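There are 4 protein chains.
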Amino acid sequence: MKSTRGDESLIIVMAGNATPEDVAQVIERLESIGAEAHVSEGKHRTVIGAVGDRNAIQQLPWEAFSGVERAVPVLKPFKFVSRDFQVEDTVVDVGGVLVGGGNFAPIAGPCAVESRDQLFASAEAVAKAGATILRGDAFKPRTSPYSFQGLAEKGLELLAEARAEFGMPFVAEAVDPRDVELVSSYADLIRVGTRNMANFTLLSELGKQDKPVMLKRGLTATIEEWLNAAEYIYKEGNHDVIMCERGIRTFETSTRNTLDISAVPVVKELSHLPIIVDPSHSGGRRSLVPALTRTAVAAGADGFMVDVHPAPETALVDGPQAILPSEFADLMIQVQAMLAVMESFR
Amino acid sequence: MKSTRGDESLIIVMAGNATPEDVAQVIERLESIGAEAHVSEGKHRTVIGAVGDRNAIQQLPWEAFSGVERAVPVLKPFKFVSRDFQVEDTVVDVGGVLVGGGNFAPIAGPCAVESRDQLFASAEAVAKAGATILRGDAFKPRTSPYSFQGLAEKGLELLAEARAEFGMPFVAEAVDPRDVELVSSYADLIRVGTRNMANFTLLSELGKQDKPVMLKRGLTATIEEWLNAAEYIYKEGNHDVIMCERGIRTFETSTRNTLDISAVPVVKELSHLPIIVDPSHSGGRRSLVPALTRTAVAAGADGFMVDVHPAPETALVDGPQAILPSEFADLMIQVQAMLAVMESFR
Amino acid sequence: MKSTRGDESLIIVMAGNATPEDVAQVIERLESIGAEAHVSEGKHRTVIGAVGDRNAIQQLPWEAFSGVERAVPVLKPFKFVSRDFQVEDTVVDVGGVLVGGGNFAPIAGPCAVESRDQLFASAEAVAKAGATILRGDAFKPRTSPYSFQGLAEKGLELLAEARAEFGMPFVAEAVDPRDVELVSSYADLIRVGTRNMANFTLLSELGKQDKPVMLKRGLTATIEEWLNAAEYIYKEGNHDVIMCERGIRTFETSTRNTLDISAVPVVKELSHLPIIVDPSHSGGRRSLVPALTRTAVAAGADGFMVDVHPAPETALVDGPQAILPSEFADLMIQVQAMLAVMESFR
Amino acid sequence: MKSTRGDESLIIVMAGNATPEDVAQVIERLESIGAEAHVSEGKHRTVIGAVGDRNAIQQLPWEAFSGVERAVPVLKPFKFVSRDFQVEDTVVDVGGVLVGGGNFAPIAGPCAVESRDQLFASAEAVAKAGATILRGDAFKPRTSPYSFQGLAEKGLELLAEARAEFGMPFVAEAVDPRDVELVSSYADLIRVGTRNMANFTLLSELGKQDKPVMLKRGLTATIEEWLNAAEYIYKEGNHDVIMCERGIRTFETSTRNTLDISAVPVVKELSHLPIIVDPSHSGGRRSLVPALTRTAVAAGADGFMVDVHPAPETALVDGPQAILPSEFADLMIQVQAMLAVMESFR
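Chains as they are written, first to last, in our numbering: chain S, 1 to 346; chain R, 1 to 346; chain U, 1 to 346; chain X, 1 to 346.
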């Protein structure tokens, strides 16, 4: 055993045909930024551990150096959102409803606000069945330019009315950095949609607001990239971020997306932020919602969010995945029973 | 509304620039195999519905015909394993232990049989904690040719001894069509590993045995391809097939594979076969096993299969994902509690 | 053969257990929007072809209707960007340089503008070697909030200076709808980055500008979604869109992304828009750039775009994939030779 | 800079909360197998470089040890097939036709042998146009059990007749370890299909034959796993392996698979084995074959293999991707012209 001191935040593996000059250049560059090199010379490969400031080291283009085969990060690129930084669970206050740290939030409502009648029918039903936060969108990013794009501010007004009527805070999506202030002035929780998870200008804008943010996972984002996106919001000063797993894109076509249920325990290991699951958008089909919602509870999620529509076949957005109010009531009974069992395991 | 009669098993969409001759050629070919064509002529596209024997129609290379843009199957290619063919759940008898149709099977043991001591320590522990079927492999297909490949027949003998000692049937993998008879002469349930799901010569061989088969999903197989593989076994006369979801390959790297938990309700919709979940190989990490096992129960699976090793750090195969006997005992308490709740929802 | 008339734009497959009422409800709904139903009744399934206005039909939530198994679109959702709409290749004028319809554009320069010296060294070299458009970014969306984010307007000023000095138009990225006007006031071609392909507010903004747009494919976008994104820009009135394939996310980790070279002939079949390839961001490694650039030419692309940096190991962004000016000069010799051969095949 | 000696073949990253005992246990285990530990202790993490026999070190289940976060291999798991082991290109002799090291092989013929007429029509055409190796299969693994499975030995006899008649060696697939001897007694080159890339019993059997092997990439295999599969064959004593890229499974549905053209230069960097491309099975459509074949040449492949069928619409297997004899003749003209240009770059 040979021993050295210092946090290696990056391992630089030199190529088999790297020259002594190549190795020296890497070491010099490390030393020029105040870092230290732990060099292990072998017959086949030289391996260099870089010790020093993580950000300074990790942002250099090591694989562009002559003779470098690859650079392997040892420490994760995100800081504030990691369990290393904060051990206790973050609890987010959404208009008086707590999420995280043992507080479970059923979130339900229509995918898009279409009319006062549709919204109020859905809101009344989900409130009665036990949902604690209302969902409903006023701005909808759509794959096809020919699809319904939302009611805009009119939708937010209706959501605020529903909040007053049924006594539950609401979450709504912001899709444009220019609308953040507007959405924030109405909603209790601002959602970042899957297509915008890597819209860094939107994330920065949200980091400067004082409303909590729900950050949906990008369709194709790794868990590490998703936590990096949360870091964007967090480091701007907004620490109230709720992660939302909603399925990723894979080769499987029998579901709209593939719900990555493992993301729940993985995020809980890596981060102190609460995480919920969206079974509606991951499965994409009404018949799958109950089973997938139960898996969210079983995985240890801090809540779930489902589309509930009084008449799914008339929905302007995502009807196939919306469940009926009566189905939601049945689902809540199952969720409550499973939560009680989960509670008993603590 | 215009109406015609007959099951359209395939829709043939002609290209925008298809000629009348192209359309005629497709219709003729359909009629030559005794099928009927429902033709809808539009300004932009002609669409042809093919009515007749599904297999005869679907196996023709329609997209090779001049002027054909694509062919969309309406009916699934598998028959016997579908819910259309049999509405009631299949119940499989594994050496006296029932699986499916409300019978839940906890399956546990070491990934590979390494020695009598290792196997018996694991088997004793899992039997005591409530597992009803023992797992343990004698043949291991490994990615690297330099890894441990299993004890072969010696391993099967040890498994048979453990069965006698602890009174539980066992499941073991067959990797070579030439070994099917051998494995079948010892094991109560023969497993097809993920790498062999599309090894059709192995599947056909298994279809001719009289022992039940556990069919793991291919790392990259769609649910439809997986059910097709089950059809291979079924149509040879072996109707005792248990599906096993074990994670698929995606871009996510924080877990070994991505557990596709939605596959449980989807397979239950499409097929009458029982389905279980392998939380060990999907997550690839010991810490994820409890949460993922709970999701299997919550999704409605008919069982689960986990790696349990008395000393994972000495394991010759897949140590990182094996849980300790004590962890398995804790897990079984959770599973029993959740099963009771699930039962109450029926 | 049975025959009906009218373009079926959607096929609705009813479930095996659908009732006559379910079928009637679908037909009624179709008729209520002025569409016609071609109904084919079989023993196992009823299949309904929907004839009428494509947008009206396709935007209804058919899979939310009771008894519907799935709805399969026959006609693509995009219109204006399709070959059906316009047969001849679109030719885009980028500050006097033509792209598409037989006009091939080599685009090169640094990934990000870092300084006057760095930009000018790169621009001079690529101009001399035969590049016709300069690349260089002033705004950089980065996965980690701790990475260099670009020089903003100062960067655009330097690019404009380089244009004047070396006589080549330039392309730069816009990442925020609020910056579109600013970027548009400097650049000859505005780029939409891969993370923003589905940022529909940004796309709409760009559709209202009079500068051409280069639309990079989303990391996880299907070709159909990518063409839908182009339709967003096109239908706002901006018809000068250049598609840019830059690799998709797959399970393979030995390259940064997987270059989907088949996208070149596929887009050319489906659309009249020009398409180029970015071999730098797809491969992610300097050593792969020459081979991947050659495949772009061989596939029939209308150009390519590469990162060229005078000293990649000092690059603040994406150094590992930048090639040296001398390597670019060698590459251009190969590209010219291959273009001549490709020309001979016409 | 601190310096130690010895090839680190694995880096073990301890978790943030690992105890000194955890670290000691890892070091002891390393020393127990004769390896040395390079330990770097930091405030956040301890990182251990393992120096010693690569196989002994890499096969231990490090991530099963208490306190270990992850283990990162530095050296690749394959040895004999790597460029580190042999710098010069391997040249494979296929019945007198050389492949690799500058020798380019056009391989063509029907996907499956269906009849003497079909085979001979195809063979005559491809021989005349310049193909040097004939393809044609006698055993076909099919996704659906209801599809045509091949003519078996009768097919091999016809291929041998065609070889005699047209003077070209042929390649055929072996799908069952029990058939290897049979196929080997007829064919000049034995193919392992994509579904069998990880069928290790088949690979071992092939490693003991004296005929060269063409190893198709698994639908979902990483390049590293694919080279591991080649290592299986190589280490049994058969050094004549030709790699064949044929597309991987991704989310994109407009092509049958996604041709990973980057695999050509990547395999050439990592290994000395020849690599060819199959444009027929990757694209899955006749219209894409010419463009994809040209990209293979441009990427630097050592050959390509295409399906050619005299009447694709009557093909029993994979008709949609087969090109006509006349199209193959045109394609060969393009290939020859591109090869001449590629030659000029050396």
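Since the hints were derived computationally from the structure, they do not count as laboratory data. For clarity, every value in this text was computed on a predicted model and none was experimentally measured. Honestly, I wouldn't trust all of these hints.
If chains are identical, the list can't say which one is meant, so a pair holds when it fits in one copy or spans any two.
[Said to hold, decoys possible] Restricting the straight-line Cα-Cα distance to at most 30 Å, the calculated cross-link-like pairs of lysine-lysine (DSSO-like) are:
1. Lys2 to Lys235
2. Lys268 to Lys2
3. Lys43 to Lys208
4. Lys43 to Lys79
5. Lys2 to Lys211
6. Lys154 to Lys235
7. Lys154 to Lys2
8. Lys128 to Lys43
Results for each hint:
1. Lys2 to Lys235: neither (38 Å within a copy, 35 Å between copies)
2. Lys268 to Lys2: neither (35 Å within a copy, 37 Å between copies)
3. Lys43 to Lys208: Classified as neither: same-chain Cα gap 53 Å, cross-chain 32 Å, threshold 30 Å.
4. Lys43 to Lys79: between (36 Å within a copy, 15 Å between copies)
5. Lys2 to Lys211: Answer is neither; intra-copy 51 Å and inter-copy 49 Å both fail.
6. Lys154 to Lys235: between (32 Å within a copy, 25 Å between copies)
7. Lys154 to Lys2: For Lys154 and Lys2, the Cα distance exceeds 30 Å both inside one copy (68 Å) and across copies (42 Å).
8. Lys128 to Lys43: neither (71 Å within a copy, 43 Å between copies)
In the structure shown, a violation is registered for the earlier hints numbered 1, 2, 3, 5, 7, 8, in ascending order.
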